[in-house]
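J.: Residues per chain, in single letters:
There are 2 protein chains.
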Amino acid sequence: MAENITLALDAMSGDLGAKVVVEAASKVLKKDKALSVILVGNQNQLGALLLSLPSSLRDRVALAHADSVVSMSDKPAVVLRRKQDSSMSVALKLVRDRAAHGCVSAGNTGALMVLSRSIVRMLPGIERPAICKYIDASHHPFLFLDLGANLVCSGEQLYQYGVMGGLMAKLAMDVCEPRIALLNVGSEDIKGPEQVKLAATMLSDNKDLSYVGYVEGHELFFGKADVVVCDGFVGNIALKTAEGVLQLVRYKVDDFLHQHRFLKFLAYVLKPWVQPMLSRLNPESLNGASLLGLNGVVVKSHGAAGVFAFRKAIEQAALEVRAGVPQKINEHLDQWLI
Amino acid sequence: MAENITLALDAMSGDLGAKVVVEAASKVLKKDKALSVILVGNQNQLGALLLSLPSSLRDRVALAHADSVVSMSDKPAVVLRRKQDSSMSVALKLVRDRAAHGCVSAGNTGALMVLSRSIVRMLPGIERPAICKYIDASHHPFLFLDLGANLVCSGEQLYQYGVMGGLMAKLAMDVCEPRIALLNVGSEDIKGPEQVKLAATMLSDNKDLSYVGYVEGHELFFGKADVVVCDGFVGNIALKTAEGVLQLVRYKVDDFLHQHRFLKFLAYVLKPWVQPMLSRLNPESLNGASLLGLNGVVVKSHGAAGVFAFRKAIEQAALEVRAGVPQKINEHLDQWLI
Chain A
39 MAENITLALD AMSGDLGAKV VVEAASKVLK KDKALSVILV GNQNQLGALL LSLPSSLRDR
99 VALAHADSVV SMSDKPAVVL RRKQDSSMSV ALKLVRDRAA HGCVSAGNTG ALMVLSRSIV
159 RMLPGIERPA ICKYIDASHH PFLFLDLGAN LVCSGEQLYQ YGVMGGLMAK LAMDVCEPRI
219 ALLNVGSEDI KGPEQVKLAA TMLSDNKDLS YVGYVEGHEL FFGKADVVVC DGFVGNIALK
279 TAEGVLQLVR YKVDDFLHQH RFLKFLAYVL KPWVQPMLSR LNPESLNGAS LLGLNGVVVK
339 SHGAAGVFAF RKAIEQAALE VRAGVPQKIN EHLDQWLI
Chain B
39 MAENITLALD AMSGDLGAKV VVEAASKVLK KDKALSVILV GNQNQLGALL LSLPSSLRDR
99 VALAHADSVV SMSDKPAVVL RRKQDSSMSV ALKLVRDRAA HGCVSAGNTG ALMVLSRSIV
159 RMLPGIERPA ICKYIDASHH PFLFLDLGAN LVCSGEQLYQ YGVMGGLMAK LAMDVCEPRI
219 ALLNVGSEDI KGPEQVKLAA TMLSDNKDLS YVGYVEGHEL FFGKADVVVC DGFVGNIALK
279 TAEGVLQLVR YKVDDFLHQH RFLKFLAYVL KPWVQPMLSR LNPESLNGAS LLGLNGVVVK
339 SHGAAGVFAF RKAIEQAALE VRAGVPQKIN EHLDQWLI
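Chains as they are written, first to last, in the numbering used here: chain A, 39 to 376; chain B, 39 to 376.
Hints are supplied without guarantee of correctness; some may be wrong.
The list treats identical chains as one, so a pair stands whether inside a single copy or across any two.
DSBU-like cross-link-like pairs, simulated, lysine-lysine; straight-line CA separation at most 30 Å [as the list claims (entries may be wrong)]:
{"hint": "1", "residue 1": "K290", "residue 2": "K309"}
{"hint": "2", "residue 1": "K208", "residue 2": "K290"}
{"hint": "3", "residue 1": "K229", "residue 2": "K366"}
{"hint": "4", "residue 1": "K302", "residue 2": "K235"}
{"hint": "5", "residue 1": "K262", "residue 2": "K113"}
{"hint": "6", "residue 1": "K113", "residue 2": "K235"}
{"hint": "7", "residue 1": "K131", "residue 2": "K229"}
{"hint": "8", "residue 1": "K57", "residue 2": "K229"}
What the hints contain is simulated information worked out from the structure, not anything from laboratory work.
Please build the complete structure, drawing on both the sequences and the hints.
T.: Okay, here's the thing in structure tokens:
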């Protein structure tokens, strides 16, 4: 039976508002009977939304009031000084105070980064959190990090991400011996920027890890590694580019069906067969990025996440809490970090 | 009528050998009656292949002998010292000596970079060449640079790439007033690494350019800009990731058709309609990357380019030669570079 856990949900910071968060929570609660949630945000607004929940779920939903909201344009430094009463901060404080086992927010990434570092705190030995995501668009899923937390990374930081990613893959993805790779512009040792080459040396020197070398952009989805590490600038752009291409393919297909009306009926008939293939390529199903290296579980949802996507983020947080990801990373840090 | 021009083709450096180059040349020569080519490589080998050409084309094909070949694993520094007699070097020397108007090579990118710089030379004021490609996978084509020439770029270099890319778009893509953008992790001014922010300031300060701000990975194919600039590490990974996703979609579709045999016949029947859509998404049709900032036209083909792809690269070189890209960039440099 699943372990009883509680997640704090920042209900105010997403582009689509609290309604999406409440609906997503409702869907997860129906499926996961051992989960409770604390909705964080404006009490009046959330109180009204709570009435929409089936009464059978309401005893597993609590409210925590927050006076303000972090906006998408708030600068991280300003957030740190002036938004300690925001829904994002309050949700993170629930994690810090062990009132919740983890939290989910669809807010401003930069703000979530700095508030997480200052409220939940880093694990000893880790310099900065990494944003990571489990990408299962193909038959060869992999864990991808960093996706935008640290735009510029040193070789040591990339090494730390490799170590943390490896543990995450083991704990939350059930990979026995995760193959760790660095994203680079070629497969030969001499290729790439200095920090990537340094990380390569450090990863291959650690005999407890199975480091498998460099992967290139076109190899990402083809199973060369279980964990792919890069700096946040490259990771963010690579992932968003992949999402953009999928969007492009989708538009092309729609366009094509529009041009050839006689095929539209056919497409409708074929939908039950085609849908499972398309849904795996749906960027929405990839929602839920984890901030790794913190002393607690923090999951970032897309700002524009709908109900389905936000639900994925909640499930990701629950999975990490139950797998004890932060605790287990902490246990391994002493022996693996230099 | 098209201007008479000559291109030097490095016939030895690609993964698939000289046969592909000769076949691709033959196809372009048939179409472009004002084009001549010089095939560069081992005389015996090329001489034998020449016999396969229709005799009507042979008077527009010359041979230039080269003793060695740059291999894919040769380090750039070693190439510079020891491979001056390679097919790549000889092709570039033909450009330097004005025996050819431009050249195409499918060889090692790093080697092509250093040999181009040392043989063809940079335009005054440009620090390093950029690799750029015209990406027309969607209804919104754009010029993308740098794609791997300079893994680490300063703000000034990114600015130079913006200037050169803008001119290239104007000359070779027929865009009247090219909209120039920087690839970044967000659209707000505060986002991104320092060098990107510096380049943004420089580009927006130049009132002769129309700088339109940042674009994100998922926006690349959706017409926000005609020229997108980034460093070579990010550009290489973004482009290859896009190619990888297209490959993934292709495999998914094949897999799907394989699983549902009754649809396979349908797919065959629909091919004439579906093909035009797919061919635009074919990475092969995107072959032909230009080294921009040199005192001559140098086009890099994919190492694994087949006949169709190598042909695209030759056509790209011919287009740039006839548009006078290096000369026109040179004319504008004085007024636009600081």
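J.: Under the constraints set out in the numbered hints, which ones does this structure not fulfil?
T.: Hints 3, 4 contradicted; others consistent.
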